[in-house]
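> Here is how the chains run, residue by residue.
2 protein chains.
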Amino acid sequence: MDKSIKNFGSRDMLPKLQNKDSLFLCVIASTLTSRIPGITGAGATPELTDYTPAADVELITHGEPQCLPEIPQTLVDGQAAPTPAVITKAALEMANIPFLVADAGSAIKPNIPYVKINDKQGQNILSGQAVGNPKEIFNKGKILGETLSKLTEHLVIGESTPAGTTTALGVLAAMGYDAWGKVSGSTPENPHDLKRQTVEKGIQAAGLMDKLPLDPFKAVETVGDPMIPAVAGITAGSKVPVTLAGGTQMTAVCSFLKEAITDFSFDDVSITTTIFVARDETSDINYIARQIAPINIFAVDPAFEKSENLGLKNYVKGAVKEGVGAGGAMFAANLKGISINDIRIKTEELCREIF
Amino acid sequence: MDKSIKNFGSRDMLPKLQNKDSLFLCVIASTLTSRIPGITGAGATPELTDYTPAADVELITHGEPQCLPEIPQTLVDGQAAPTPAVITKAALEMANIPFLVADAGSAIKPNIPYVKINDKQGQNILSGQAVGNPKEIFNKGKILGETLSKLTEHLVIGESTPAGTTTALGVLAAMGYDAWGKVSGSTPENPHDLKRQTVEKGIQAAGLMDKLPLDPFKAVETVGDPMIPAVAGITAGSKVPVTLAGGTQMTAVCSFLKEAITDFSFDDVSITTTIFVARDETSDINYIARQIAPINIFAVDPAFEKSENLGLKNYVKGAVKEGVGAGGAMFAANLKGISINDIRIKTEELCREIF
Numbered sequence: 006m007d008k009s010i011k012n013f014g015s016r017d018m019l020p021k022l023q024n025k026d027s028l029f030l031c032v033i034a035s036t037l038t039s040r041i042p043g044i045t046g047a048g049a050t051p052e053l054t055d056y057t058p059a060a061d062v063e064l065i066t067h068g069e070p071q072c073l074p075e076i077p078q079t080l081v082d083g084q085a086a087p088t089p090a091v092i093t094k095a096a097l098e099m100a101n102i103p104f105l106v107a108d109a110g111s112a113i114k115p116n117i118p119y120v121k122i123n124d125k126q127g128q129n130i131l132s133g134q135a136v137g138n139p140k141e142i143f144n145k146g147k148i149l150g151e152t153l154s155k156l157t158e159h160l161v162i163g164e165s166t167p168a169g170t171t172t173a174l175g176v177l178a179a180m181g182y183d184a185w186g187k188v189s190g191s192t193p194e195n196p197h198d199l200k201r202q203t204v205e206k207g208i209q210a211a212g213l214m215d216k217l218p219l220d221p222f223k224a225v226e227t228v229g230d231p232m233i234p235a236v237a238g239i240t241a242g243s244k245v246p247v248t249l250a251g252g253t254q255m256t257a258v259c260s261f262l263k264e265a266i267t268d269f270s271f272d273d274v275s276i277t278t279t280i281f282v283a284r285d286e287t288s289d290i291n292y293i294a295r296q297i298a299p300i301n302i303f304a305v306d307p308a309f310e311k312s313e314n315l316g317l318k319n320y321v322k323g324a325v326k327e328g329v330g331a332g333g334a335m336f337a338a339n340l341k342g343i344s345i346n347d348i349r350i351k352t353e354e355l356c357r358e359i360f
Numbered sequence: 006m007d008k009s010i011k012n013f014g015s016r017d018m019l020p021k022l023q024n025k026d027s028l029f030l031c032v033i034a035s036t037l038t039s040r041i042p043g044i045t046g047a048g049a050t051p052e053l054t055d056y057t058p059a060a061d062v063e064l065i066t067h068g069e070p071q072c073l074p075e076i077p078q079t080l081v082d083g084q085a086a087p088t089p090a091v092i093t094k095a096a097l098e099m100a101n102i103p104f105l106v107a108d109a110g111s112a113i114k115p116n117i118p119y120v121k122i123n124d125k126q127g128q129n130i131l132s133g134q135a136v137g138n139p140k141e142i143f144n145k146g147k148i149l150g151e152t153l154s155k156l157t158e159h160l161v162i163g164e165s166t167p168a169g170t171t172t173a174l175g176v177l178a179a180m181g182y183d184a185w186g187k188v189s190g191s192t193p194e195n196p197h198d199l200k201r202q203t204v205e206k207g208i209q210a211a212g213l214m215d216k217l218p219l220d221p222f223k224a225v226e227t228v229g230d231p232m233i234p235a236v237a238g239i240t241a242g243s244k245v246p247v248t249l250a251g252g253t254q255m256t257a258v259c260s261f262l263k264e265a266i267t268d269f270s271f272d273d274v275s276i277t278t279t280i281f282v283a284r285d286e287t288s289d290i291n292y293i294a295r296q297i298a299p300i301n302i303f304a305v306d307p308a309f310e311k312s313e314n315l316g317l318k319n320y321v322k323g324a325v326k327e328g329v330g331a332g333g334a335m336f337a338a339n340l341k342g343i344s345i346n347d348i349r350i351k352t353e354e355l356c357r358e359i360f
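As given, the protein sequences belong to chains H and L, one line each in that order. Going left to right, the first sequence walks through residues 6 to 360 as the working numbering numbers them. Going left to right, the second sequence walks through residues 6 to 360 as the working numbering numbers them.
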């Protein structure tokens, strides 16, 4: 394994995954939670966060977003940090890994062929009525996971869900996990108070404060997002090893799986993220994961401190950190022999071309 | 090769396909053309034909249709003939072939995860304005074909498009091919006059009678259906051999490919249908195909005359004949060592369970 990949957690999945062919699936979703000012950096304005998932996957497929004129960026001290979709694109292209998109409920639809799991975006979780049909989304995800696992040896599932760490916090907290102040975020200043208040107000609005912990479907219905039951369903349906490519949001998926399926085994499921999440001082992915199960966690370090691109350097300062499965895409490319160093160089090239 | 598979046409694709793993994709679409009374047997009433594509793929995925209470059947002399989706289901399950669905524009959407290529159904071709966006559908199909061909060694593409032989006739005729009286149909009495009049009125309504032959996109736009540019696009995008699993409708796809792409090669493309189409005295798939290119055509004979199921026996009398890629699904299963005889037995079992 490339020395840029660190293994956290108590298992080593690598022998199971070495030399495997991967299929990369990006699940897109949005909730109106991302319109809350200051809650997410995944979009130039709160309104534009609706476009981020579609723009991300259009960027990977077409080399440019088509649903909006600009490329999703996060601003840090007046400096822009590019969407992690650029890293994902670099990794997948270098390793010739097939790229598919599934819509779990994104406000704006991408101009590419995609698998429809669910049409409607989630509501603002402040309402306490976030997702209308989590069971249906989970069941459709299961069918898709079963089908896709006939087509590959290793399923890598990324996501693009603006404000997704807040809705992940919602699902974790509503199910009784201690995740307050532990979820990651796309800005250097992680707005933990705002996230906590948003989740608590949502659970209060639903009148469920004294009904905690909730079952996983009720938790998503109240304060979650459509990505979580979709990715949980796909993982549950898969007959091949699954890499959940994301940060603390993927711990919400794992907690959902643990609570929704009796004796769910994490033997073939691991989380792969970036070093920016793993080393994030404003969050703690391991702390959350330990409460669920012994889950293997990989963290990939693209060494952006070496980059001449100021946007990528901002990742080191805590901007963006992860998303669109960037960590898992680099990991899957590395399984095919591509070095993480070469992926950084290719990412820099793409940034020069695209921005 | 199983002796139940006959090879028509001037090439033999078999050495290229033997022992290959297949992925079966069913492209669904509809046009309001299917509401013209008497034009199709693919539905109990003209209105119910809107539901047939969704019901077909739900039947394969769930074992029963969910969008409507009954299973699509064709009536012949008061006897029902079951949808060919049952044959496809039997073949794919026996050979464990992955099954995916793409929507090219079906009126009713199936309750399964499916790839969205295009949302809107086609209009009645009598209007001369059948499909609004054939170029977009073709381009999205190309992206999908490229992606899917990274996931399999052999792409089998079936379709479910009520009144699809009429819209296929429209596209063939509008592009200048002689297909009058040569397309197949789902009923023993092939309503050639009605099909011809429908196509001619559509071309007249568009004011294009003196502009013939039309280019392929204009032909689909005027008197086609959304399945044709979708399947043509997927085929054009594929880097692995493609089996077009269908009858005379697939000749319209081939003619589209020939006219849309300079020097398109049919070296890796073949049509596979059932013996009921190949031996149909009311149509001539070889006559149409010969005008396009030397295209390999396989025909699979499930020997339904041996069946104790009266519905399947009606196929021998000319009911249904083909659809939902039944011929190609049997062919792909046979490539994996499943005998056509065993597929017939399994189809009979499914008919007993389902109906």
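Careful: at least some of the hints might be erroneous.
You can't tell identical chains apart in this list, so a pair holds if it fits in one copy or across any two.
[Stated by the list, open to error] Below 35 Å or equal to it, Euclidean Cα-Cα: the simulated DSBU-like pairs (lysine-lysine) are:
| id | residue 1 | residue 2 |
| --- | --- | --- |
| 1 | K244 | K206 |
| 2 | K216 | K322 |
| 3 | K206 | K341 |
| 4 | K216 | K351 |
| 5 | K311 | K206 |
| 6 | K140 | K125 |
| 7 | K140 | K114 |
None of these hints come from the bench; they were simulated from the model. Here the structure is a predicted model, which is why all the values come from computation and not from measurement.
> Evaluate each hint against the coordinates.
Okay, the hints, checked on the actual structure:
Taking identical chains as interchangeable, the C-alpha atoms of K244 and K206 are never at most 35 Å apart, the minima being 39 Å within one chain and 52 Å between chains. Taking CA atoms no more than 35 Å apart as the test, K216 paired with K322 passes in neither setting, with 40 Å inside one copy and 64 Å between copies. Within a single copy, K206 and K341 get their C-alpha atoms no closer than 46 Å, and across copies no closer than 57 Å, so neither meets the 35 Å cut-off. For the homomeric pair K216 and K351, neither the shortest alpha-carbon distance inside one copy (50 Å) nor that between copies (50 Å) is at most 35 Å.
Proximity of K311 and K206 under a CA criterion of 35 Å is satisfied in neither setting, with 42 Å inside one chain copy and 67 Å between copies. When the C-alpha separation of K140 and K125 is checked against a cutoff of 35 Å, the pair qualifies both within a copy, at 14 Å, and between copies, at 27 Å. In the homo-oligomer, the alpha carbons of K140 and K114 lie at most 35 Å apart both inside one protomer (22 Å) and across protomers (19 Å), since each shortest distance falls under that limit.
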